Amino acid sequence: GESVGLHLPTLSVQEGDNSIINCAYSNSASDYFIWYKQESGKGPQFIIDIRSNMDKRQGQRVTVLLNKTVKHLSLQIAATQPGDSAVYFCAENNAGGTSYGKLTFGQGTILTVHP
Amino acid sequence: SAVISQKPSRDICQRGTSLTIQCQVDSQVTMMFWYRQQPGQSLTLIATANQGSEATYESGFVIDKFPISRPNLTFSTLTVSNMSPEDSSIYLCSVERTGGAFFGQGTRLTVV
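Sequence order for the protein chains is A and B.
This note's numbering puts the first residue of the first sequence at 7, with every later residue one more than the last.
This note's numbering puts the first residue of the second sequence at 213, with every later residue one more than the last.
Any given hint might turn out to be false.
[As the list claims (entries may be wrong)] Some chain B residues near chain A, calculated using beta-carbon distances under 7 Å:
#	residue
1	I224
2	C225
3	Q226
4	F245
5	L255
6	P283
7	L285
8	S306
9	E308
10	G312
11	A313
12	F314
13	G318
Hints listed in this document are in silico derivations from the structure and should not be mistaken for laboratory results.
Keep in mind that this is a model prediction, so the values were computed, not measured.
Glycine residues also receive a C-beta, built at the ideal position from the N, C-alpha and C atoms.
Kindly produce the complete structure, drawing on both the sequences and the hints.
So, in structure tokens, the structure goes:
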């Protein structure tokens, strides 16, 4: 789940395991969602997005699942690698397709992958 | 995706001074966005910058503190005015493109 302040949720996994990062979003009107990866000292890197007319979307080693009923988003990373260690943010947009760069971010989850 | 360059990448500034951050995109975009990321926290939208019009600010952010320019379709600046230590953050610009919304590497500002 999400947290506030400086105490970000953390997830520790072993290299090769699958990781699941969860996000509860707040606005039932949100219709576009993005997952970002942020490494130390860098800007957020786009991973994958999904629109509200879908409940699943797959990319390279990643899958995003959307459950609009409970306003929940998850990011699954297959065969997690040490290079996947970072902070992961979900972001939501409710501009109805007119300005999908206007995002509300979740608090983030720290993923640590152990060799 | 998009190539987004920010300058400076980091700076240490005295309180009471102002810093202007530049954002350059590799091709024309209609909207550019400025975000703030306070230490250890998530990103918060400051404002949306359209070329040829005043920026639109989010609740809690005002033009006097964060003036924005958007002189053309590939460039924008954000000024952090009359800085205090509470303004120490990473400031990021982003753009929307077909295929998503993309960020620059950020400007890490420390106010002393």
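Against chain A, run the beta carbon of Q226(B) and see if the smallest gap drops under 7 Å.
violated (23 Å)
Can you verify the interface hint for G312(B): is its Cβ closer than 7 Å to any Cβ in chain A?
holds (5 Å)
Restraint check, 7 Å cut-off on beta carbons, for F314(B) near chain A:
holds (6 Å)
Interface hint outcome for I224(B) [beta carbon to chain A under 7 Å]
violated (16 Å)
A313(B) as chain A interface residue, shortest Cβ-Cβ below 7 Å
holds (4 Å)
Going by Cβ atoms only, is S306(B) closer than 7 Å to chain A?
holds (6 Å)
Taking 7 Å as the limit, does the beta-carbon of P283(B) come near enough to a beta-carbon in chain A?
With a minimum Cβ separation of about 19 Å from chain A (threshold 7 Å), the hint on P283(B) is violated.
Does G318(B) pass the interface hint, meaning its C-beta sits closer than 7 Å to a C-beta of chain A?
holds (5 Å)
Min Cβ distance, L285(B) to chain A: is it shorter than 7 Å?
With a minimum Cβ separation of about 14 Å from chain A (threshold 7 Å), the hint on L285(B) is violated.
Have a go at the E308(B) hint: is there a Cβ in chain A nearer than 7 Å to its own Cβ?
Interface hint status for E308(B): holds (3 Å vs cutoff 7 Å).
Please verify that hint: C225(B), Cβ, nearest Cβ of chain A, below 7 Å or not.
violated (19 Å)
Tell me if F245(B) is really an interface residue toward chain A, meaning its C-beta lies closer than 7 Å to one of theirs.
holds (5 Å)
Hints 1, 2, 3, 6 and 7 from the list above are not met by this structure, while the remaining hints are.
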